[in-house]
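Residue numbers (my numbering), protein chains in the order written: chain U, 1 to 195; chain G, 196 to 390; chain S, 391 to 585; chain X, 586 to 780.
What the hints contain is simulated information worked out from the structure, not anything from laboratory work. All C-beta atoms in this analysis are idealised placements derived from N, C-alpha and C, irrespective of residue type, glycine included. Certain hints may be false.
Capping the alpha-carbon separation at 30 Å, the derived lysine-lysine pairs in DSS-like fashion look like this [unchecked claim]:
1) G/K236 to U/K132
2) X/K691 to X/K751
3) G/K351 to G/K361
4) U/K156 to G/K327
5) U/K63 to G/K282
6) S/K522 to S/K538
7) G/K243 to G/K361
8) S/K496 to S/K556
9) X/K717 to S/K556
10) G/K243 to U/K41
11) S/K453 to X/K633
12) S/K522 to S/K477
13) S/K522 to S/K431
14) X/K751 to X/K633
15) G/K258 to G/K236
16) U/K156 to U/K41
17) S/K546 to X/K751
18) G/K301 to G/K258
19) G/K258 to G/K243
20) G/K243 to X/K648
21) X/K717 to X/K733
22) G/K351 to U/K63
23) S/K538 to X/K751
24) U/K132 to G/K351
25) X/K733 to S/K556
26) X/K672 to X/K691
27) G/K258 to G/K361
28) U/K132 to G/K301
29) U/K156 to G/K236
30) G/K343 to U/K166
31) U/K48 to U/K156
32) G/K301 to U/K166
33) U/K41 to S/K431
34) S/K546 to S/K556
35) S/K556 to S/K538
36) U/K63 to G/K343
FRET-style restraints, in silico, Cβ to Cβ [as the list claims (entries may be wrong)]:
37) G/W312 to U/A193: 46 to 56 Å
38) U/G144 to X/N646: 43 to 53 Å
39) X/I716 to S/E394: 54 to 64 Å
Single-letter residue listing:
Protein chains: 4
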Amino acid sequence: MRLEDAIQMHGMIAIALDVLEQCEAFAPLIPEVRTNLDYAKPHAHTTKDVLAIDGRITVVNGKARAAGKPQFGASSHMARLILELAKSDPSIRAGVNFASNPALMKWLSAYCADRGWVFSVIDRSTEPEEIKETEGASMPWKVGQAIKAANGRVPKIFYETGAVGKEPVSVLVGRDPIEVAEQMCEIARRYNAGR
Amino acid sequence: MRLEDAIQMHGMIAIALDVLEQCEAFAPLIPEVRTNLDYAKPHAHTTKDVLAIDGRITVVNGKARAAGKPQFGASSHMARLILELAKSDPSIRAGVNFASNPALMKWLSAYCADRGWVFSVIDRSTEPEEIKETEGASMPWKVGQAIKAANGRVPKIFYETGAVGKEPVSVLVGRDPIEVAEQMCEIARRYNAGR
Amino acid sequence: MRLEDAIQMHGMIAIALDVLEQCEAFAPLIPEVRTNLDYAKPHAHTTKDVLAIDGRITVVNGKARAAGKPQFGASSHMARLILELAKSDPSIRAGVNFASNPALMKWLSAYCADRGWVFSVIDRSTEPEEIKETEGASMPWKVGQAIKAANGRVPKIFYETGAVGKEPVSVLVGRDPIEVAEQMCEIARRYNAGR
Amino acid sequence: MRLEDAIQMHGMIAIALDVLEQCEAFAPLIPEVRTNLDYAKPHAHTTKDVLAIDGRITVVNGKARAAGKPQFGASSHMARLILELAKSDPSIRAGVNFASNPALMKWLSAYCADRGWVFSVIDRSTEPEEIKETEGASMPWKVGQAIKAANGRVPKIFYETGAVGKEPVSVLVGRDPIEVAEQMCEIARRYNAGR
Numbered sequence: 001m002r003l004e005d006a007i008q009m010h011g012m013i014a015i016a017l018d019v020l021e022q023c024e025a026f027a028p029l030i031p032e033v034r035t036n037l038d039y040a041k042p043h044a045h046t047t048k049d050v051l052a053i054d055g056r057i058t059v060v061n062g063k064a065r066a067a068g069k070p071q072f073g074a075s076s077h078m079a080r081l082i083l084e085l086a087k088s089d090p091s092i093r094a095g096v097n098f099a100s101n102p103a104l105m106k107w108l109s110a111y112c113a114d115r116g117w118v119f120s121v122i123d124r125s126t127e128p129e130e131i132k133e134t135e136g137a138s139m140p141w142k143v144g145q146a147i148k149a150a151n152g153r154v155p156k157i158f159y160e161t162g163a164v165g166k167e168p169v170s171v172l173v174g175r176d177p178i179e180v181a182e183q184m185c186e187i188a189r190r191y192n193a194g195r
Numbered sequence: 196m197r198l199e200d201a202i203q204m205h206g207m208i209a210i211a212l213d214v215l216e217q218c219e220a221f222a223p224l225i226p227e228v229r230t231n232l233d234y235a236k237p238h239a240h241t242t243k244d245v246l247a248i249d250g251r252i253t254v255v256n257g258k259a260r261a262a263g264k265p266q267f268g269a270s271s272h273m274a275r276l277i278l279e280l281a282k283s284d285p286s287i288r289a290g291v292n293f294a295s296n297p298a299l300m301k302w303l304s305a306y307c308a309d310r311g312w313v314f315s316v317i318d319r320s321t322e323p324e325e326i327k328e329t330e331g332a333s334m335p336w337k338v339g340q341a342i343k344a345a346n347g348r349v350p351k352i353f354y355e356t357g358a359v360g361k362e363p364v365s366v367l368v369g370r371d372p373i374e375v376a377e378q379m380c381e382i383a384r385r386y387n388a389g390r
Numbered sequence: 391m392r393l394e395d396a397i398q399m400h401g402m403i404a405i406a407l408d409v410l411e412q413c414e415a416f417a418p419l420i421p422e423v424r425t426n427l428d429y430a431k432p433h434a435h436t437t438k439d440v441l442a443i444d445g446r447i448t449v450v451n452g453k454a455r456a457a458g459k460p461q462f463g464a465s466s467h468m469a470r471l472i473l474e475l476a477k478s479d480p481s482i483r484a485g486v487n488f489a490s491n492p493a494l495m496k497w498l499s500a501y502c503a504d505r506g507w508v509f510s511v512i513d514r515s516t517e518p519e520e521i522k523e524t525e526g527a528s529m530p531w532k533v534g535q536a537i538k539a540a541n542g543r544v545p546k547i548f549y550e551t552g553a554v555g556k557e558p559v560s561v562l563v564g565r566d567p568i569e570v571a572e573q574m575c576e577i578a579r580r581y582n583a584g585r
Numbered sequence: 586m587r588l589e590d591a592i593q594m595h596g597m598i599a600i601a602l603d604v605l606e607q608c609e610a611f612a613p614l615i616p617e618v619r620t621n622l623d624y625a626k627p628h629a630h631t632t633k634d635v636l637a638i639d640g641r642i643t644v645v646n647g648k649a650r651a652a653g654k655p656q657f658g659a660s661s662h663m664a665r666l667i668l669e670l671a672k673s674d675p676s677i678r679a680g681v682n683f684a685s686n687p688a689l690m691k692w693l694s695a696y697c698a699d700r701g702w703v704f705s706v707i708d709r710s711t712e713p714e715e716i717k718e719t720e721g722a723s724m725p726w727k728v729g730q731a732i733k734a735a736n737g738r739v740p741k742i743f744y745e746t747g748a749v750g751k752e753p754v755s756v757l758v759g760r761d762p763i764e765v766a767e768q769m770c771e772i773a774r775r776y777n778a779g780r
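If we strip away everything but chain U, and leave its shape as in the complex, we get (with noise of 0.2 Å):
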């Protein structure tokens, strides 16, 4: 790739990352399994291509931390998740992924349709044997089963359900990391708020 996006693509991270990591109310909505930020090159079409946290980011002393820095290739499901969604939408190179459960998804509902933004889920449950079986058939399915919940419109934020041996998590995408890590702080800020 060329020095220039890697200089922009680090620098928007690196930010990113500070968002996320001064952001106090945040830290509760880190899942057991971590949170990951990503942020995809251009054209982006593996995980090589993605820049994301390595060791991601866990909660030391009550706080968000990365456990290592910004790397290509450290990321593996979130990774695949945002390249499998821009193929619908290109525009969408980033992502969060973040703590899911039944009062949360219900604000965030509520959250997305006061800011027109579309919301959707992933019911795991109904995932066929035969895709779960296939080797890379899994990612497809699940995308296509969010856009295909929210009427075919490609989701700003959207959530897995649970399923066995797999945690709940929310993930919010969008054109870039900072961006991502704003609204996502500001999400952790108002939940909070409200509760």
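Here the structure of chain U is known, so what remains is to put chains G, S and X in place on it, guided by the hints.
Below, chains G, S and X alone, put in the same frame as chain U:
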């Protein structure tokens, strides 16, 4: 607590953590929810009596690395598990959790048989709804299941099957964290060598 | 400052820091006072306008490692040095400090001559008492000395001799931190190879 | 060494490090060369017998923070200083270095007098050239000076004056790192409160 005990516990967990961080074969066995390494005071009653790694042990640059420092009260699930086991066998004061999958469980079952270690399982799918819904009832039930499935013996290693929203994980327990970390690393090395 | 500039600066310093941390030959050139890597905004006036590594770059496990994250205002001495040099050559916006000893200085003098780089020295023993005692007068004097000793040219590399209470250090400056980090690592590798 | 000793030493240094990291008044007393905290085995002979902080203790985000983990052999100057002092007083096994300036030294002199602690000084300007040039001769000379300047008594706190290329630093020694860290923090708090 007495300063002598705090010194001894902090010294043990520092050396044990080093064993895990230096063990190259261990990193691939860290589960999505990450590993914790716990060490309970003698006669511990609450999670505040259990020393564990703040932010858990995660994988950075391909290696196991503690996200934060050992602190009393830094662990919840693993701490309560050890407190519950200690009611049946007070010599159990330390534990480490790691990944679970069918191949590893089959291998571990044989490994435990070889060494004369009790191996067991907690099948979360059989957990009654009233247990799940009663605050604090789940852990006694789980430990009861693990002992029951081992014909009344307290297991050295056991795993919890996955459930909806829950990753399957394995647990190894023992008298102190150095013993536990060394046994964990030995298992990781042998399992890795055999693949 | 404009967000675009902050992104570009954070991206540059992240990549430059990675160059130094990955450069095995560099760690032995980190001085007792440790290394900083600085990057000034265009038209910078104060140390708050200079991005640098919080806690400096130290040696951990034999490797160069940033103690904290890049932050504006994290550097004092190096930041003021770059601000002062920029008054004579506004293209200078970045710098890194490293060890100084007679063998290395002799080698560097020849290396600079080879590449057509201006090499200079600040002899702190000649600093007048009234300069030392006047708040803020020392840095202009030093930079003036470095330029004077190079016959009026702004140096690419220079060193400050030790003084009472002061470790001798070398400094390499340039347009941006990536250029500076790559030149620093190249010097470290060649110097190391030649010993 | 015996495992019991390693456990006890690692436990002591972990708790002592926590005391320094939590001590807000201490960070401003960390010198440019940074602080180390050292703990020698009983009957220690070489720096490999001394446990110290890899990468030293630096200031990150305004707070004292260990750059790496405690390791045997991680310290050189401070380790040799403690080994040398222990030849005169074998009860000395731990030490910490910190800043030195005229105001602090005056305050410390009174503080030590108050507590009945021996306070001393090593005037590096009087070090003979033949000592400086003989490998390994400098430390015995220094410790000899510190004891001589205290009328033959081994000091609790002393400072080295600055020399050409050398920052002046203070040192506090004691029986173990917890004692040393608590005394260090008490000094920092009182000195800070009195300004």
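Evaluated hints:
no.	hint	result
1	G/K236 to U/K132	44 Å, violated
2	X/K691 to X/K751	20 Å, holds
3	G/K351 to G/K361	22 Å, holds
4	U/K156 to G/K327	33 Å, violated
5	U/K63 to G/K282	33 Å, violated
6	S/K522 to S/K538	19 Å, holds
7	G/K243 to G/K361	24 Å, holds
8	S/K496 to S/K556	21 Å, holds
9	X/K717 to S/K556	18 Å, holds
10	G/K243 to U/K41	45 Å, violated
11	S/K453 to X/K633	19 Å, holds
12	S/K522 to S/K477	21 Å, holds
13	S/K522 to S/K431	28 Å, holds
14	X/K751 to X/K633	24 Å, holds
15	G/K258 to G/K236	29 Å, holds
16	U/K156 to U/K41	19 Å, holds
17	S/K546 to X/K751	26 Å, holds
18	G/K301 to G/K258	25 Å, holds
19	G/K258 to G/K243	29 Å, holds
20	G/K243 to X/K648	26 Å, holds
21	X/K717 to X/K733	19 Å, holds
22	G/K351 to U/K63	34 Å, violated
23	S/K538 to X/K751	26 Å, holds
24	U/K132 to G/K351	33 Å, violated
25	X/K733 to S/K556	26 Å, holds
26	X/K672 to X/K691	28 Å, holds
27	G/K258 to G/K361	24 Å, holds
28	U/K132 to G/K301	22 Å, holds
29	U/K156 to G/K236	47 Å, violated
30	G/K343 to U/K166	26 Å, holds
31	U/K48 to U/K156	24 Å, holds
32	G/K301 to U/K166	21 Å, holds
33	U/K41 to S/K431	26 Å, holds
34	S/K546 to S/K556	22 Å, holds
35	S/K556 to S/K538	22 Å, holds
36	U/K63 to G/K343	40 Å, violated
37	G/W312 to U/A193: 46 to 56 Å	51 Å, holds
38	U/G144 to X/N646: 43 to 53 Å	45 Å, holds
39	X/I716 to S/E394: 54 to 64 Å	58 Å, holds
In the structure shown, a violation is registered for the earlier hints numbered 1, 4, 5, 10, 22, 24, 29, 36, in ascending order.
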